Structures are given as structure tokens and as C-alpha cells.
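Using the sequences and the hints, build the whole thing.
Residue numbers (the numbering used here), protein chains in the order written: chain A, 2 to 55; chain B, 149 to 373; chain C, 3 to 229; chain D, 266 to 497.
Among the clues, some could well be false.
Said to hold, decoys possible - Listed next, with one range per pair, are the computed distances between beta-carbon atoms:
#1 B:Glu-282 / A:Trp-21: 33 to 41 Å
#2 B:Gly-252 / C:Val-209: 52 to 60 Å
#3 D:Glu-329 / C:Asp-224: 21 to 29 Å
#4 D:Arg-429 / A:Gln-41: 33 to 41 Å
Stated by the list, open to error - Sample of chain D residues with no beta-carbon within 12 Å of chain C, all distances over it, derived:
#5 Glu-272
#6 Ser-273
#7 Asp-334
#8 Gly-347
#9 Leu-437
#10 Asp-440
#11 Ala-481
What the hints contain is simulated information worked out from the structure, not anything from laboratory work.
Keep in mind the model is a prediction, meaning the values are calculated, not measured.
The beta carbon of each residue, even a glycine, is placed where N, CA and C say it ideally should be.
What follows is each chain in one-letter form.
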Amino acid sequence: MNDAAARNFEYLAYGLSAVWLVLLLYVLTLVGREGKIRAQIESLKRMVEDREKR
Amino acid sequence: MRQKILIGIGLIAAGLLLRNIWLMLTNLPDEAFQGAIFRIIFFHVPAAFTAFLCFFASLISGIAYLRTQNLKWDAFSVSVTEVGLAFGAANLITGMIWARIIWGIWWTWDWRLTSMLLCWLLYAGYLVLRRAVEEPTERARLSAVMSILSFAVVPFVFFSIKWFRTQHPQPVLYGQGKMDTGYRAMLYGNWVPLLLFAIILIAVRMEQERRQRELDALRREIHAF
Amino acid sequence: MTRFLRQMFTIAAKDLRSELRTKEAVNASLSFALVILLLFSFAFDPTSDMTREISGGLLWLVFAFAGVLVLNRSFARELNNDCLDALISSPVPGPALFLGKAIANYVLLLGIECVCLPIFGIFYNIHWTGQPAWLALVMLLGTWGMTVVGTVFSALTVNMRLRELMLPMLVYPIMIPCLMASMQLTTPLLASEPISGDMLAWVRLLVGFDIIFTALAVTLIDTVLVG
Amino acid sequence: MKALAVESVWKYYGDYPALRNIAFDVEAGQCVALLGRNGAGKTTLLRILGGLSRPSKGGVRLFEREHSDRSSRALTGIIGHGIAVYDELSAYENLKLFAELYALENPHKAAMEWLERTALDRVKDSLVREFSRGMRQRLAVARAFLHHPKLLLLDEPFTSLDDRAIALLQSLLRDSLAEGGTVIMSTHQLREAMELASHVVLLNRGGMAHSGERTAEMLADTGWLYRNYGDA
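Structure representation (C-alpha cells):
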């Protein structure tokens with residue numbers, strides 16, 4: 002039972018990385034949303050400037 | 149300040165997690181039948197706990213929103229549901245990897261798996277519903293109702309498990325669970341860092357929701373005149 | 003109280019009358035049910051014993067798919083000419099409006115089921131008359147669960163983009179416990195075995211589902227309708 | 266008697282206040298013209314008064330009763346943008362339906378009476394779907410007046426109606442006002458509104474710009490109000 006392969010260490014590693022991968026994916030969506038909010042602020046700023054020029 | 153607190157929580161969580169993994173690999177003996185793979189349970193089960201805690205929080209914040217009409221509760225409700233879905237996915241995937249080794253198949257229509265999947269779909273529906281409503285106040289109201297109805301189904305889903313034959317290992321924390329106290333301590337011990345990570349994610353998401361709301365209001369203000 | 007009941011039945015009668023006049027939803031739903039019944043026969047051998055074993059599941063799938071078409075129209079019907087606004091601003095309480103509509107849907111769904119059941123029996127050679135009382139009870143309970151959930155979501159999604167897609171997406175996961183119980187109960191009934199012992203737990207589940215969701219729907223409907 | 270009391274009503278859409286601290290009283294028998302540009306909040310306010318929407322802050326009292334009290338709904342009549350009658354029911358069935366929902370004593374009699382007053386009694390059994398535009402509009406007016414409402418809420422009543430329906434509506438409104446009824450209408454048609462109105466409420470960007478009696482200047486020069494109280 003001390004043989005690493007028999008003890009399924011490989012799959013344990015897969016399992017643990019899967020957990021963090023899923024959470025990482027969620028963090029990435031958060032980062033994406035952050036970018037979207039930034040873009041909205043930019044476009045809103047431009048709109049206000051545009052209005053003031055006129 | 150807020151950021152510093154969040155970073156602090158993150159550091160604590162990471163520290164706890166490293167310690168737990170170290171202990172898991174060095175101190176705890178292999179389970180007699182399953183080998184090392186059984187250690188996945190220390191993530192699998194706490195992930196499920198976190199997911200259901202999140203869904204429950206979504207119910208509470210839904211009720212709180214309908215009571216107070218305060219959009220902060222709505223922001224909390226979305227954040228918590230999204231994080232719950234992430235942990236639910238982690239639970240499902242680790243479960244599948246474990247099943248591949250122990251049962252030899254990726255997926256089985258065991259009722260515990262199926263009901264987790266069902267809850268996952270239910271709350272994914274909540275997010276779809278939110279995307280279909282433009283106006284923030286109406287969105288908050290309708291999705292609060294949705295989260296109340298969703299949570300009302302959860303017990304029915306779980307009742308039905310009992311009456312189906314299940315291949316799943318006996319519930320580990322109650323009943324005739326033959327779980328060693330060392331394992332049990334680790335199970336709960338590992339829940340703490342996962343929960344802390346969940347709190348960080350929820351806090352970040354809520355902040356985004358708040359800014360999005362301010363942006364929408366600003367845009368309306370500009371477009372209106 | 004009598005006023006509440008009268009208003010409720012007025013709404014139900016109005017919905018039934020306008021549906022039976024146009025037959026939009028009923029026709030679509032019935033023909034859809036027939037198509038599904040036909041499609042099932044290609045999926046597996048309709049005469050085998052296996053069909054007998056899953057007959058309850060098949061039947062309720064047909065009911066669920068065909069039923070959502072009816073439920074979808076329930077509140078969508080009111081969008082034309084802004085009739086929903088007229089109903090909400092009238093003295094009719096939200097629960098009376100909801101229950102009235104639910105009763106109309108219930109009658110329509112049961113009607114459709116009563117048409118589908120004999121056709122199902124003929125197509126798949128199933129003698130469904132073995133336990134008529136139990137079968138009727140299961141159909142009444144299961145259909146009420148579907149109706150209540152479907153009607154609430156019909157109100158919830160009435161003003162949304164892609165309403166026709168939203169309703170089935172949201173409604174099926176919530177209906178699953180109710181459908182599951184109905185399926186479990188119907189299969190032995192179609193084989194003319196009575197309900198007894200462990201199976202009674204499913205009946206209790208159905209009753210509990212119906213009660214809890216009716217109560218939730220009645221308390222939440224005002225929040226759903228008035229923003 | 267106070268027919269309507271609007272008590273510092275706020276309505277938020279997200280963080281954006283669509284109505285900001287609206288407060289005014291309407292005595293029974295008054296006819297109020299609710300004025301303002303597009304997006305000023307007229308429809309939002311009327312929807313709150315009609316019970317189709319709830320204020321985020323503040324409250325509304327109808328005839329000294331809490332607005333949430335369902336029985337007060339029986340006293341209001343509403344004409345919105347849609348005609349709010351069912352295409353697949355006949356004219357008679359439509360009116361009888363609403364008479365029953367408003368729990369009138371004799372739904373049949375009320376329906377027949379209003380079919381006669383709107384000159385629809387000859388076609389009472391035809392489906393609304395087959396009606397002409399004008400007939401549908403008259404039926405919509407009949408539906409709103411069916412239960413003798415003491416408070417009428419009209420959202421842009423003159424924009425979508427044809428001449429005959431406008432004449433009918435105006436005469437019904439005059440009758441109602443003469444009997445001590447109260448009317449609140451939002452409108453763009455300043456001339457028609459000013460002739461009928463006894464008071465005006467002007468909304469600007471969701472806030473109250475002006476409220477008070479309709480004066481002779483307003484009737485003579487419809488732009489006067491906007492020049493003096495709105496930002497032109």
C-alpha cells in the first residue's frame with residue numbers, strides 16, 4: 002500500500018487541482034467583470050465630456 | 149482598509165490551507181479501502197457545505213430584500229449565489245474524480261449526485277433570470293422571489309434521496325458513519341479556509357455589484373436629460 | 003370571503019372562456035403531446051416489457067412538456083392591451099387573481115391529460131384502467147403541483163425578454179420532485195398494482211409539495227405582480 | 266374631503282431616483298393636470314397612484330385610507346396606454362367581467378347601461394377583435410367608468426383616442442367632476458388639459474416643479490408654465 006500509484010496519489014492531485022481550477026475560473030470571471038465596469042466608466046466619461054463640449 | 153482586511157483574511161486562509169494539506173499528507177493514514185484518493189473528501193464535503201450555506205444565505209438575503217427594499221441585500225444575494233455555484237461545481241468535479249477511481253465511472257445517477265446537480269441547475273436558473281431583467285429594482289424583486297422558491301425545493305429534492313437506493317458512501321457525519329475523529333477534525337478544519345476564501349470572493353463580487361449599480365444610475369441620469 | 007371566491011371563479015371562468023374560444027394554447031399543447039408520444043416510439047421498442055417499466059415516466063414527461071405550453075400563455079394572455087394593469091388596479095386581491103388563473107390552468111391541463119392518457123394506452127398497449135381511483139388521485143395531485151409552480155413562474159416571467167424560453171428553463175428544475183413522485187407512483191398503477199407500503203411516502207411528498215408551493219405562491223404573488 | 270394625499274413619495278430604479286419627494290394633496294372635485302416632459306416621471310407617479318407600483322419611500326392615501334387597503338381600489342378608475350379589454354371576449358362579456366371583479370350589485374345591469382351610454386349596445390355580442398379602433402376605445406372608456414369611480418387616473422388619455430372617443434371622454438369627465446369626482450390626468454395636449462383642469466402639477470426630472478391652481482395665464486398661453494417653472 003505504500004506504492005504511490007496504488008495509493009492513487011496521481012488522482013488525488015487531479016482532484017485537488019480541480020477544486021482550485023474551478024475557483025480560479027470564477028476569479029477570472031470576476032476579473033472580466035472588473036474590466037467591463039472599467040470600460041463602462043470610460044464610455045460614460047466620454048459621453049459626459051461630449052455633452053459638455055456641445 | 150477594506151482591501152487590507154480582505155488580504156489579511158486571504159493570508160490566514162492560505163496559511164491554514166497549507167498546514168491542512170501538510171497534515172493531510174503526513175499525519176493522516178490512508179483509508180483502508182480507498183488509498184490516498186480518499187483525501188479528496190476533505191475538499192469535496194466542505195465545498196458542498198459552503199455551497200449550501202451560500203444558497204441558504206441567498207434565501208435569507210432574498211427575504212431581507214423583500215422586507216427592506218435595500219439593494220445591498222440584492223447584491224449580497226447575487227454574490228452569494230455565484231460563489232455557491234462555484235463551490236458547487238468544485239464539489240461535483242471532485243466527486244466525479246473520486247467516483248472514477250472508486251466506482252470506475254465518471255458519473256452515476258446516484259441521487260446525491262443528481263440532487264447536487266439539480267440544485268446547481270436551479271441556482272444557475274437564478275442567474276439566467278437576472279440577466280433577463282434590465283431594471284435593477286425589478287430584477288432584485290423577482291430574483292428574491294426566485295431564490296425563495298428555489299430554496300423551498302431543496303428539502304424536497306433531499307427527501308426524495310432517501311427513498312431511492314443510493315450507491316453513495318453512507319453520510320459521513322451522522323448515522324452509522326464510521327469516520328475516525330482525526331478525519332472528522334480535518335474535514336471541519338479544512339472547511340475554515342474554504343469558507344474564508346468564499347467570504348473574500350463574496351466581498352469582491354458585492355463591491356463590483358455596488359459599483360455597477362452606481363454606474364447604471366449615473367447612466368440614467370445622463371441619458372435622461 | 004365569499005367575494006374572494008366569487009372573484010377567483012370569475013377570473014377562472016374568464017380565462018377558460020377566452021382559451022376555449024381561441025384554443026391557441028390547447029391546440030398547440032395537444033399536438034405537441036401527440037408528437038412526443040410518436041417520437042417516443044422511435045426511441046425504443048414500444049411493445050417491449052421495458053416500456054411497461056418506464057411508462058409512468060413517459061406519461062409524465064408528455065404531461066410536463068405539453069403543460070408548459072399552456073402555463074406559458076396564462077399570464078402572457080394578459081399582456082395584450084395591458085389587461086394585466088386593469089386586473090391589478092382592480093379590487094381583486096393578488097391571491098384571488100393567482101388562484102383563479104391556476105384553476106383555469108388546472109382544468110386545461112387535466113383536460114389535455116385525459117385526452118393523452120387513452121392515446122398513450124392505445125399506442126403503447128398499456129391497460130391504464132386497473133387502478134382508476136389511485137390514478138385519478140395521483141393525476142390530481144401531480145397536476146396541481148405542476149400548475150401552481152407553472153402559474154407563479156408565468157407571472158414572474160411575464161415581462162421578460164425571451165419569456166417562452168425562460169419559463170421552461172426555470173420551471174422544470176423546480177417541478178422535478180413533483181414529477182418524480184408522480185412518475186414513481188404512476189408506473190405501478192399502470193401495471194394495475196395498488197399503492198401500498200413504501201410507495202405511500204411518495205403520495206405524502208406530493209401532498210407536501212402541493213401545500214407548500216400553494217402557500218408560497220399565494221404569499222409571494224403580490225410581490226411578483228406589483229413592483 | 267381630501268381625495269388624494271401624496272406624502273413625499275420617492276421611487277428608485279436602482280440607485281436612480283425617478284421620483285424625488287413628490288408631495289401634494291388633491292381635494293375631492295378637483296381636476297389635476299399632471300404635466301412634464303418625457304421622462305419627468307408622470308407615468309411612474311400615475312402607476313403608483315393606481316396601485317400598479319409601490320413607492321420606495323413615502324406613501325399615498327386615497328380618501329383618507331391607506332393605499333395598500335384593497336377596498337380603496339374600487340374607488341379608482343384607470344385609463345392607461347392600452348385599452349385593457351380582452352380581444353377574444355365580446356363587449357358585453359368584457360364589461361360584465363369587470364363589473365363582477367369590482368363586485369357591483371348587478372353586473373348585468375351595469376354592463377348594459379354602459380353599452381348604451383357608449384352606443385355599443387347594438388354590437389354587444391360581437392368580439393372586441395372585430396371592433397373598429399374607435400369602438401374599442403369607447404369600450405375602454407366604458408370599462409374605466411363602469412364602477413362609478415370617485416378618482417380617475419388617466420395617462421395621456423387624449424393622444425391615442427379618436428375624435429368621437431375624446432368627445433365621449435370629455436363629457437364623462439365633466440359629468441364626473443360635476444358630481445364631485447376627482448380627476449388626475451397626465452397629458453401633452455396642453456390646450457384640452459388646461460380647459461378641463463382646475464389645478465396643475467408640473468414635474469421636472471422626477472421632482473416637483475410647481476403645483477397650484479390653474480390660472481388664466483396658463484389657459485391663454487400654454488407655454489407660460491414651462492417658461493416660469495420648468496427649465497426651458
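Quick rundown of the hints versus the structure:
| no. | hint | result |
| --- | --- | --- |
| 1 | B:Glu-282 / A:Trp-21: 33 to 41 Å | holds, 35 Å |
| 2 | B:Gly-252 / C:Val-209: 52 to 60 Å | violated, 40 Å |
| 3 | D:Glu-329 / C:Asp-224: 21 to 29 Å | holds, 23 Å |
| 4 | D:Arg-429 / A:Gln-41: 33 to 41 Å | violated, 50 Å |
| 5 | Glu-272 | holds, 19 Å |
| 6 | Ser-273 | holds, 20 Å |
| 7 | Asp-334 | violated, 10 Å |
| 8 | Gly-347 | violated, 3 Å |
| 9 | Leu-437 | holds, 17 Å |
| 10 | Asp-440 | holds, 22 Å |
| 11 | Ala-481 | holds, 35 Å |
The earlier numbered hints that this structure contradicts are 2, 4, 7 and 8.
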